[in-house]
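Colleague: Residue numbers (my numbering), protein chains in the order written: chain E, 1 to 435; chain P, 1 to 1378.
Careful, some of the hints might be misleading.
As the list claims (entries may be wrong) - Covered stretches of chain E (chain P as the covering partner; in silico rule of three or more C-beta atoms under 8 Å from a C-beta of chain P):
no. : region
1   : 133-141
2   : 423-430
As the list claims (entries may be wrong) - Derived DSBU-like pairs (lysine-lysine); straight-line CA-CA distance at most 30 Å:
no. : chain 1 : residue 1 : chain 2 : residue 2
3   : P       : K72       : P       : K56
4   : P       : K188      : E       : K152
5   : P       : K1250     : E       : K159
6   : P       : K188      : E       : K159
Stated by the list, open to error - The calculated label-pair distances, taken between Cβ atoms and stated as ranges, are:
no. : chain 1 : residue 1 : chain 2 : residue 2 : range
7   : P       : R1220     : E       : A258      : 46 to 54 Å
8   : E       : N266      : P       : E1121     : 16 to 24 Å
9   : E       : N266      : P       : Q923      : 49 to 57 Å
10  : P       : V936      : E       : A258      : 34 to 42 Å
11  : P       : E1121     : E       : A258      : 53 to 61 Å
12  : E       : E419      : P       : A1117     : 50 to 58 Å
13  : P       : A1117     : E       : I396      : 53 to 61 Å
14  : E       : A258      : P       : R989      : 55 to 63 Å
15  : E       : E241      : P       : E1121     : 29 to 37 Å
What the hints contain is simulated information worked out from the structure, not anything from laboratory work. Note that the coordinates shown come from a computational prediction; the quantities given were computed from them, not determined experimentally. Think of the CB as a built atom: it goes at the ideal place given N, C-alpha and C, for glycine as much as any other residue.
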Amino acid sequence: MNTHYFSRRTFLRGLGVTMALPWMESHTVWGDVSSAGLKLASEAPIRMAVLFSGNGFHSKEWWAQGEGKQMKLGSVLEPLTDFREKLLFIRGLYNAEALKGNIHSSQTGNLLSGAPLASGGEIRSGTSVDQLLAQRYGRSTKVPSLVLGCEKSNPSVHKNYSMLYSSHISWTSPTTPTPLELYPALAFDRLFKDDVSRGDKSILDAVLSDAKDFRRQISANDQRKLDEYLDSVREVEQRIEQAGQKGELQGWRPTLSAPNIPRPPNGIPQDIAEHMRLMSDILVLGFQTDTTRLTTLKLNNDHSSLRFPNLGVDYMIHHLLSHSDTADWLKVNQFFIQQLAYIARKLEAIQEGERTLLDNTMLMYCSSMMTGNHNNDQLPVLLLGGGGGHIQGGRILDYTGKPNRQMCSLYLSMMDKCEIRLDRFGDSTERLAEV
Amino acid sequence: MNSNWPRTFSALALVGITTCSIHGAAARSLATQFTEEIQPVLKQFCFECHNPEKHKGDLDLTRFASLEAMLKEPTVWEGVIEQLHLGEMPPKDEPQPSAVERGRLFEGVSAALDEAARAHAGDPGAVVLRRLNNAEYTYTIRDLTGVNSLEPAREFPSDSAAGEGFMNTGNALVMSPALLTKYLDAGKEIASHAVLLPEGLRFSAHNSERDWTDDSLAQIREFYRKFVVDGGDAAANQGGRLPLERYLGATLTERTALSNGTKSTAVLARELGLNARYLATLWEVLNPQKTQPASLLLDELRLRWQQARPEDAPALAATVAQWQQALWKFNSIGHIRRHLGGTDGPLAWMEPVSPVTTKWDVRLKLNPPTNSNEVVVYLAAGDAGDGSAQDYVVWQQPQLVVPGRPNLLLRDVRTFARELAVRREQIFASTSRSLDAAAEASTPSASWDLAALARRHEVDPEILGAWLDYLGIGSTAQPQLDYFTGRVEKSGEYDFIRGWGSPETPLLIANSTAQAVRVPGNMKPHAVAVHPSSTLNACIGWRSPISGPVRVEATVTHAHPECGNGVTWTLELRRGALRQRLAAGVSQGGSPVSVPPVESLAVQPGDLVSLIIGPRDGNHSCDLTDVELRLKGAQEWNLNAEVSPDILAGNPHADGQGNPGVWHFYTEPVSGATGTLIPAGSLLAHWQSTSDSAEKTRFAAEVQSLLTTGVTASTPAADAQLHRQLAALGGPLFAGARNRLGNGVQSKTGSAPGPEWGLDPQLFGRSPGGTAADPADLLVSAPSLVEIRLPADLVAGCEFVTTGVLDPARGVEGSVQLLAQTTRPNLSQLQPGIPVLTAAESTAQHRVETAFEDFRQLFPAALCYTKIVPVDEAVTLTLYYREDQHLQRLFLDPAEIAQLNRLWDELFFLSREPVLLQSAFEQIYEYATQDRPDMVKSFGPMREPIQRRATAFRQREIEAEPSQLSAALRFAERAFRRPLTPAESQELRALYGQLRTEELPHTEALRLTLARVLVAPAFLYRIEQPAPGPKATPVNDWELATRLSYFLWSSTPDEELLQLAESSRLRDPDVLAGQARRMLQDSRVRRLAEEFGCAWLHIHDFATLDEKSERHFPTFAGLRESMYEESIRSFTDFFQNNRPVPSLLEADYTFLNGALAEHYGIPGITGTDWRRVDGVKAYGRGGILGQATTLAKQSGASRTSPILRGNWLCETLLGEKLPRPPKGVPVLPELPPQGLTERQLTEQHSGSPKCAGCHVRIDPYGFSLEAYDAIGRRRSIDAAGLPIDPRAKLADGTEFAGLDGLRDYLLTTRRDAFLHQFYRKLLGYSLGRGVQLSDKPLIQEIQQKLAGRDQRIADAIELIVRSPQFREVRGRDFVTSN
């Protein structure tokens, strides 16, 4: 544990206090792992992925009983049957702030941060757990984190909350939802496109200097907005500087050094199943090549308008379907959980030393509500994978009625596995001891 | 609650800047109200839950101890009002305040809030720094580059909305490393569309040099096309013609008006879309103001024009066109070299031709018609349209010429014909005897003497001699052959393929080796091949050295079968003048044709057996023909074996036995081969073939009878032909007589029966005045027409030859046109296409030349070379050929010429023509001079000038760099929407310089500089620099221009706005308002329609809506673009035409194409064109409620949803706030249960007490729209076939039915709510933030001020742009607390 490697300023940022400049200068970056001292890289690192789907699940088929191989699963979870021994079924967690606003948007935008959401014209949430990790733990890889999505965000305001809340669970800062990559090909490029064009560095230096000049002349609010730009330029610059310089990875090497699947075709696939599969493949590939250790995959929006002609369910969009408990709703639920199973299966097939890649991963699946009726006083949460041997699967954790049942408590526990130990996160100061 | 107001107000209080009116009298009464009316009610009904301990809903109301405290956090109190209004608070199961208490609380809080709003009215609010959203970025790029096909944001993450629900709110517009990378890539992509020009840069839809060159070419062609017509044959470099008919037509149609000055040529030109300059010039020429010097052609044109009516314009134009053809010629571009420094070749594409000559040569082929015995030749002399002074013409020695005969002077024709006619009688009378004599002479072993034979048979020896020659008896007349004389030393680069003939064609070649090669036709080993030309056969003759029978075999093989149309072949026997065809046919396609062997052909020494190869149908391409010829008699002959080893040994060539002169290689015309063939089947043919002497005698008698009696209707065709042959004065029997008579014949025999031929010899040799001249010349004075009748049988095949000149004695200053032809000519006026004859160096010649030049100047055959890229050559050095001086001279003003020059310069610059030309030259030089050493002379001189040009061009490219960099800086200025600071200019130049030092070439460095501009914060963000301190101040003019243009156009300010900003005038609110009105008229306001109008209605991007079941609505995907277009067009119309805001609901028109009209069931509208359609209310349309977009968007994937529609109506159109849905909402069944309509299903759901509270407010609106299905079609029954019930009963008891009822309700009862909501949204959009309490007075002001003015949209927008909110920005140090 070496959090002192990070400046206080950065640390504060992570907690949702935006301070501007200079950004991450004390940071070590990809290719400089040993001096970062995050971990002597003798064994495979821990990866974390968050999968999300909106509108909850079937009210009667989200359950689990028993332990290990004997665990029995509700129909929604049927696709995970093979992974029961690596599954943590977590019941009873909630996000207190999400109870306060209206429905949908305000139940989603703070799912990974536990932060209060601003309504009306404002946008304010909190830095999400994946991005907090990205800003620290993610620095050791070429791409700090991948933020993927399979449904275009909805450009309107719903019930006095911007719909960007229902389209983003990942937040770079309290005012900056991380833009989603919807194009499989561009996500692939982000991981593997290395060619740095001549002149890029000069251009970025120049515009960075522009932004610094402007910064002095604008209001504090605008400065905060401009800092998004400054930070972005710096990160791109750093990536350019690091391009082609392989760091000294002491001991451990990823099992794959270059992609073993072709670059996906341009555009967004018409078929939603194909879209999800490509994104899942990229997620796995990013982990396997150790190009990134953090990925958020938002399979659809909360208040989603996806249809599922592939399942023969195209007469009703996801959101409206969620208001029923029909067989088709169940079918759609299973389809989403199949994505988790697909990823898990691929990860399990990759051997990293003694363990599989699945053993070195924490796959979290969550939704904004329990069922389609907006009830979020407890949320559906799954954790799959060994977390580097730190997580014992095949268990059911039930926090119903317990005082410490914040989602943020789970996040504190998960960050511990990555050796990012914080005293508090969001609305929690305690860990979930059982995780 | 974390919204703006609490922070704002505490901030105001802290810095103490407010001159708060709350301390006035009203405030005191409000303060009293607070303590006496508000607080007690709160205490009694609210504090129970909203206290510091319970803090229900994060709300503690106990802390508001005073009015001041309350006014610090008005948002909290807005929430309180809202809860009261919705009836949400206090909760139903808690004690409720009385109506009076509730009203008191409501009024008290409202009054306080109103006071707060007034106090801070006009606050610009917190507008967060705005990044250009994807739409704004795209539009901005398009407007900056002028390229509307660019889609730079296509793969950007989609934007989000905030504030009032629009995508132009800074909070929701985020940046990330991934997005920044996309901006950088997009910037580079856009920069790749920059076209670097000599003086700067522009942008193109394309990003390759090839496309830019094509663009440039297209621009020049487009320029030309405005003036010219492309007529004629494209391949022949036609085009660029003057559309003269239209101009002449205009002068004729408007002659009166133009003459009396009621209309000017300029006005007429504008009316008709003609070129004013040329029309004026033409008018001036046709109506000269002062007397013009005589100008032959123009004078005549004027005359004709004066008499012409409007419908004569085409004929007039056609005459001009004929003269254009006569006065100009066109050259191949490939032959023009002088513009590239060459010293030979034509000067230009279009060159003047002067049809002026000093002598007129006539060679007139006479082909008599078969049905007439005469040919008439006319010799015409016209006065060339300028009077007949000195028009004395000499037709020099007119005569008849035919190969093989002495020439016959026209002067002698009359006598000559008369003599021959007499002679014919003598010949015919002695036919029988002559033939008998011939029979005797043809007996084998006969030895005879002509004179004795004639005597014995009592025939004139001359006549008998002619018969014997004709019949091929005796060897006196060997046929004359036209031998190949040229030696072909190698063919197809093979020196073993040699032969005779022309290097082109015809020729004969032989392969001396056993090697098969292609030349490019097939040359087999030891082959002999021939190649005819288009007019000449290639012939191989075997001249018999023996007497006796032979067998003849021949094979003909088309040796170049891949192309061409094959050849004809003929095998023939020639004896004297006699020719006998043995066989004939066609060979094509590579298969050998074996000529049927000719058995036992009796030959005599000197007989010629020939194989003749001719072009088929005059087409001699690819006609190389392999030939074999073998003869077998006492000896054997084989052409191939005997001549192929040494073909060049001689022509004629010896045979294998050493007989000299056996093989003959020659040519003959394809048509009109010399020699005579006796008609097969005729009496004479029978005479010839029989060996029985009695029969011979009988046939001889019959031939005589035929000749003397003449042809009757019953005469067989062969005999009729025989008669024609033998009776012809030009025929074989008269050869002797013709030779004997010759020229200068004097009549000995007196007049003969029949017509008088030719002319009176007395007419020759003297001028009309009587002066002596060459005795064979015919002298006339123009105008003159001499008609000459000639005997057809004498002149068939002859040429009539003469030369016309002006009489050197008396015609020196004459000018005439001459014609000699066999039809009656009309030379009564000057004819195009016929040269004018003058004496050399004469004044007349100068006058005619000048007249032609006058005409050429006004009527060039082409105005310009519109092809530009030459198409007439297989190989041409010229890449782009410019010739447009006539267009410039006649049509263009200096500005247009400058524009054209600039376009050409751009084309040369972009294509790097001088550099390309240099390399093209080197290749062509190499290629051309290798095969054609003579071309060195032509190409050599060009090398140095071409090199010099290329060097100069490279230098020019370097010199253009600074101006291109300056252009990039100007682009930056446009992109940043304001002038660059000196530091910015310097930095941009420095970046460019640095990139150059990184060894990037100029173009790349410049493009990267452009990319840097496009990724700069000053471009991507709408940066505004507030004044220091806390006070709001007006934004500067540039920022204001940007605010206005992004509000109305979602894009960068245009030139006019920038100029107003530059001159600091935009800050004037009247100027600003005027600009807003101007901009609303512009087509770019379509973007406002989409970004504001459609976004407000939640149908933004409807064209990609993917929420409908394909199974239920297969037509939807094909219609959604049209549906969206209707909404966009409706809003665009609304803004552009300053419509009243209520028209959004009540318009009785909409915009439709055929497909959408069909969807709506509106008849009579077809096709893909969009049009405004009126009277649509009758079909249940008109206004936003009747649009498929809103109806479909607020429906499910397969069925309607009254709840969605009702909710949308409440929230979006009326601005009502609805409480959060309760927990534990019952679950809806998957499909409507049998027998329930969608309405009943909704009613069932909403009937639950948990839900009813809200749904009674929402659902009725939705029910009223139930007569529209889930994709907006009208319906009377639902999907299950149950009848629709569109009646609605609102919570307050109001009842109405259907869309009409709903619309009326909204326009009357809810009019204010609708207007308020619309203005609120419009204001929020215009400011890019959520509307706040302090905006309330402005919204009220708009609504009230426009009440008497129809609520017109432009008025509302004017009030907005004049407001302080819109024009000001909060001070930099306006402190907000967190």
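Colleague: Tell me, which hint numbers fail for this structure?
Modeller: Hints 1, 2, 6, 9, 10, 11, 13, 14, 15 are the ones this structure does not satisfy, whereas the remaining hints hold.
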